[in-house]
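> Following the hints, position chain B against chain A.
Chains as they are written, first to last, in this note's numbering: chain A, 33 to 228; chain B, 887 to 1242.
Be careful, since some hints might not be right.
Stated by the list, open to error - Pairwise CB distance ranges, derived in the manner of DEER restraints:
(1) B:G986 to A:P137: 23 to 33 Å
(2) B:T1163 to A:K190: 35 to 45 Å
(3) A:A226 to B:P1060: 20 to 30 Å
(4) B:T1163 to A:S91: 20 to 30 Å
(5) A:K190 to B:T1090: 56 to 66 Å
(6) B:T1090 to A:G143: 20 to 30 Å
(7) B:G986 to A:N57: 40 to 50 Å
It is worth saying that the hints were derived from the structure and are not from the lab.
Quick caveat: nothing in here was measured; it's all calculated off a predicted structure.
A virtual CB, placed ideally from N, CA and C, is assigned to each residue, including glycine.
This is what each chain is made of:
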Amino acid sequence: MARMKFLCDAERCIECNGCVTACKNEHEVPWGVNRRRVVTLDDGVPGEKSISVACMHCSDAPCAAVCPVDCFYTTDDGIVLHDKDLCIGCGYCFYACPFGAPQYPQKEAFGVRGKMDKCTFCAGGPEEDGSQAEFEKYGRNRISEGKLPLCAEMCSTKALLGGDGDMVADIYRERVLKRSSRPQTWGWGVAYKADS
Amino acid sequence: MAERANTTLNGRDPRRSRRILFWSLALLLLSTMALPMAGYLVTGVNSVEAAAQQDSSSNPRSEFWRAVRGSEPGVTQVKGQETNVLIQNGGQNWREIRQGPLTTYGAIALGVVILLIVIFQAVVGKAKLETRTGRTVTRWSMVDRILHWYVAILFIILAITGMATLYGREVLIPLMGKEGFAAFAAFAKPVHNYLSLFFTAGVTIMLLKWISQNIPNSSDIKWILTGGGYFDGVHRPAGFVNGGEKMWFWILFWGSVAMVGSGIFLLFPNLDWTRETMQLANIIHGISSLALIAGSIGHIYLGTIGNEGTLEGMITGEVDEAWAKQHHGLWLDEVKGESPSISGGAARPSPAAPEK
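Same shape as in the complex, but just chain A:
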């Protein structure tokens, strides 16, 4: 089985926000919820770098560890998903996540959180693959159709890579060799430390 991972090549990302738009459109996520975002560091300064970030589908996922209702599960592909039928919107996964991935639609007054929403690696949720119920809660299930996440697929500079971790690493390694740069597997140390 593959071990799905995201990798954003900071030497290539041009902060076009195409991944953000692709994600929002594909999954029809509600207003105020952004499963993916692009962060630019040293903006406007020589050497600025942009990174597209969403749920990294960690090996030892902190969100899953702290969830009071134990609604997270990891698929055979290493994708971290959650069950919105169990989620109570307590916000603990947001406190634990290093990447700020969990999002909450504001459901009620006084800032009460609705059920958590996050990047699913385009793998839907516990509902039947491709069903309407799954789409409404979690968005499109591209993985079940044999397709990779749309954000990475649509990336104009192929900065964002999503797929089997070994293949992603191979592609990235080749790039690093070709441009004689140093590897910077952004976020992998945090997300996949437990793998190695």
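Okay, now just chain B, sitting in the frame of chain A:
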């Protein structure tokens, strides 16, 4: 010059050739000893150069990514809570504390309190009320009793719903199943959130109303030092509130400040508190709540089974004179001394000045 040349031509000057031999050997010896030392000179110069090079060109890219790991904010088009931060490290610490010491020591603290109560009840037993005089004195006014039970009932509901959030996954999910517990938790969360506001109002009024009668004095220190007579059976004289009750009051006071204070942060995520604030607030909320729950278990025991005749004071407002003499001798004296002077004869102590 000619003379010298002659002499050399005529024959070697033995003294001169010996001198040459001596100095040649000396030079040779010195060189063999000194030349290897040149290595030190080379490395010395090189290391100075290397250090200078390191200073001027510490890898800026690695510095850059180190800053990212250190939660350095950037710029993003996505609006929301700390969306410009790539990696927030506090969550890992929060996870370690919450899943580790907080849960473990919290459970141990509650277990120890219950165990101590069971041992105390088995070994010492309750403080019995040997005789009843049949005459009663008023201890708690209607307002005090309503305040007490209002706060008490809300506290118990909040404790159950709060502890379900902390321990439910380990304790209740195996019993109720994930769906069953999620249904309960989805109900418990808003109950905990909304009732907390009513609890905050109640506990604030109660603590402020009772604060003046809970200022510690010298008789309380004696009372506490002798263990309140719980172990030797001798009741030390105490005023309207004894040393132990004052201890509980101040535990409740500071515990509530921490618990309510941290709870306000957790209750309003829409006020854009940072994750760091929320993580800290959650830990403070957990520690203070567990301490108060442990304390309240002790309070419930001492107020019901532990001391005969105490509970009726908080239910009817009246306590037997024998109970008052046994537990709050100084207060009874005061009430009895004062009662004739109070018109209408209501033996209600002024809560503002129960002891001098």
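> Which hints, by number, does the structure contradict?
none
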